[in-house]
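Engineer: Keeping the supplied structure of chain A fixed, place chain B with the ligands upon it in accordance with the hints.
Protein chains: 2
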Amino acid sequence: MTSPLTNLINTYHELNASEVDELEEEPSALEFLQFVAKNRPFVVRHAANSWTASEKWVADYLRQKMGSDKVKVAITPLGNADAVVQHSHGSLVFVEPHEIFEPFTDFLDDTQASSSRHVKYAQTQNDNLRNEYANLLPDVPTDIPFARLALGQSADAINLWLGDDRSVTSLHKDNYENIYVQIRGQKDFVLMPPVEMPCVNEQLLQTGRYVSADDGELIVRLDEEAERIPVATWDPDEPEQRTTPYSHLAKPLRVTLREGDLLYLPSMWYHKVSQRIGDEGFVCAVNYWYDMDFAGNHWAQTTFIRDVYQAEQMKPVYPKLETGDEKVTATNVV
Amino acid sequence: MTSPLTNLINTYHELNASEVDELEEEPSALEFLQFVAKNRPFVVRHAANSWTASEKWVADYLRQKMGSDKVKVAITPLGNADAVVQHSHGSLVFVEPHEIFEPFTDFLDDTQASSSRHVKYAQTQNDNLRNEYANLLPDVPTDIPFARLALGQSADAINLWLGDDRSVTSLHKDNYENIYVQIRGQKDFVLMPPVEMPCVNEQLLQTGRYVSADDGELIVRLDEEAERIPVATWDPDEPEQRTTPYSHLAKPLRVTLREGDLLYLPSMWYHKVSQRIGDEGFVCAVNYWYDMDFAGNHWAQTTFIRDVYQAEQMKPVYPKLETGDEKVTATNVV
Ligand SMILES: O=C(O)CCC(=O)C(=O)O
Ligand SMILES: O=C(O)CCC(=O)C(=O)O
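The listed protein sequences correspond, in order, to chains A and B. In this text, residue positions in the first sequence follow this note's numbering: the first is 1, and each later residue adds one. In this text, residue positions in the second sequence follow this note's numbering: the first is 1001, and each later residue adds one.
Just chain A, with the same shape it has in the complex:
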């Protein structure tokens, strides 16, 4: 008998395309909810072309609006904020970036130069567009109407993402319905549905943070006190590394967002994101997070997949039973 987890992933693929749907135009609230109900992503090309941000967000304009206002910036040696790093003692560690506050203009200079010793990324994901970057907020809609109507709520957070092409957001998932809009440059998304949890090799990792040493070098300081956290360690771009017995069943979806494109990234989907700079020498996007609905089957069933996977990991390995004509008894199990 095929294992239930194998069957789950294969059945899912039989019933669902391995590519992201492209809609001709922005969906109605009803059409959007049909995708939410199915927990399936889609992309709308050029959906944000008429946004002020799409027209105005060149470097000069951003400098003018933000000036020397201090913004929070993630700093990493390789563009690996919130990522898995192999520690010198061999084990994997989930490392958060070094964080500083600096004047926006300094940050943008470094980002455009793309030559700074370390990689900077504005990626705070804490509703920063309605706080730190409030000067830019008038240039984007205060909400996504089809999402607000369908989900019966306003956006919980609006986030600005600004960086260069060295930053990569590693594979992870969020408990949000996510409307992601590309303003400058491009983003390459790799997407995996929640049923592919057994493929991503989630491990409980120690956490750490990059800190700046005296010579300016960024080194990992382990967080000895903190609890370990579950982290996806499989990388869809290195599919032969750190595999589980299920990784080969994954069919990651790939989609590239260009300027003006909008992606619906459904709740609890794994996503890995890399980026390419535009004419202005930086990459910039805005996303809207809506609280997901924990009622119904969605949360309970997704948790169940993880539980079954974990129970399987913990099962004692018994010697294989002899079957056939012979009767199986405790004594011939050796």
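Any given hint could be a false lead.
[To be verified] Heads up, simulated DSSO-like pairs for lysine-lysine below, C-alpha to C-alpha not over 30 Å straight-line:
(1) Lys1251(B) / Lys38(A)
(2) Lys1173(B) / Lys1038(B)
(3) Lys1065(B) / Lys38(A)
(4) Lys70(A) / Lys272(A)
(5) Lys1251(B) / Lys1072(B)
(6) Lys315(A) / Lys1315(B)
(7) Lys251(A) / Lys1038(B)
(8) Lys272(A) / Lys251(A)
(9) Lys1173(B) / Lys272(A)
(10) Lys173(A) / Lys1038(B)
(11) Lys272(A) / Lys173(A)
(12) Lys315(A) / Lys251(A)
(13) Lys1272(B) / Lys38(A)
(14) Lys1173(B) / Lys38(A)
In short, the hints are calculated from the structure, not lab data. Given the structure is predicted, the values throughout are model-derived calculations rather than measurements.
Structural biologist: This is chain B with the ligands only, laid out in the frame that chain A set:
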């Protein structure tokens, strides 16, 4: 560690009410789709009060419209069409009703008398309202607008159900989104969500059919050739009988439909239905079946629950391992 299936059922109950939502009025398409997305039932009281059927379907009117047109009628000794019966040789059998065609007026006479030796039930579930009962079709809407819009399709079947209070439809599920509308009498629904599959003691049963013996007695004829089919054998009204290790975790939802009430019964929910006659001496309802969506997570994840449950049933029972200081080896497992 709690077993994954136990955790699934408990998590579901923590996040979902154990009663059926009551809406103040018919939902919009968007509101309806929010329930479909969550795979959660609701009831709207008096939703069909303005239907012609609600006003006109008294016995005289039905006799006048249907006359002696032949209709298909299910006949059983106890009102147990499509039900589990304990065969004389001890094992459980899934028994289909004896079926006859008879003039509608004869059928209605017997139903109203409620005293016939056998129990009759018009329950063909094959779009009968657009076929056998087409004379009555103008008295109900040709579709449920909020469902058609939300699901982007017309009803796949419209069914009439007509019988007396002796008939009980035993616990089962359908791959349809179901809009169920009470016209005469009352129905008592017991509903269980798909995650409660481990509670219902699904078994592969031999099938059979009631046939009429020479003395008019109905006896079960086993279908020796046919494949066994999976049938829920647990009865939420006899919760201590035929249990599984999970049955006690079930929290069946109960709702009574009175004349004019509308129920949304989501796809793949288990339901058991019993009934009480109205003033006219019969029970009558109409339901609309819409094809469910097999894409997204719904079908794949529901199948997964069954697979995990079945794999657990088939696991060889090993002697319990000793744990503790002692090292576990194959030789001390006895
Ligand atoms: O743009 C990125 O780098 C990551 C985006 C992301 O993870 C999110 O929107 O949840
Ligand atoms: O009304 C009944 O007896 C059963 C209804 C039912 O099973 C259904 O609508 O699927």
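Engineer: Each hint needs a verdict: does it hold in this structure or not?
Structural biologist: Results of checking the hints against the structure:
1. Lys1251(B) / Lys38(A): 26 Å, holds
2. Lys1173(B) / Lys1038(B): Holds, at roughly 17 Å.
3. Lys1065(B) / Lys38(A): 43 Å, violated
4. Lys70(A) / Lys272(A): Holds, because 28 Å separates the two Cα atoms, which is no more than 30 Å.
5. Lys1251(B) / Lys1072(B): 36 Å, violated
6. Lys315(A) / Lys1315(B): 12 Å, holds
7. Lys251(A) / Lys1038(B): Satisfied, since the Cα-Cα distance of roughly 26 Å is no more than 30 Å.
8. Lys272(A) / Lys251(A): Within the cut-off at roughly 14 Å; holds.
9. Lys1173(B) / Lys272(A): Given pair Lys1173(B), Lys272(A) is violated - Cα atoms ~39 Å apart, limit 30 Å.
10. Lys173(A) / Lys1038(B): 20 Å, holds
11. Lys272(A) / Lys173(A): Answer holds: Lys272(A) to Lys173(A) is near 9 Å, not above 30 Å.
12. Lys315(A) / Lys251(A): The given pair, whose Cα atoms are some 27 Å apart, holds under the 30 Å limit.
13. Lys1272(B) / Lys38(A): 27 Å, holds
14. Lys1173(B) / Lys38(A): This hinted pair holds, its Cα atoms lying about 20 Å apart.
Hint compliance for this structure: hints 3, 5 and 9 are broken, all remaining hints hold.
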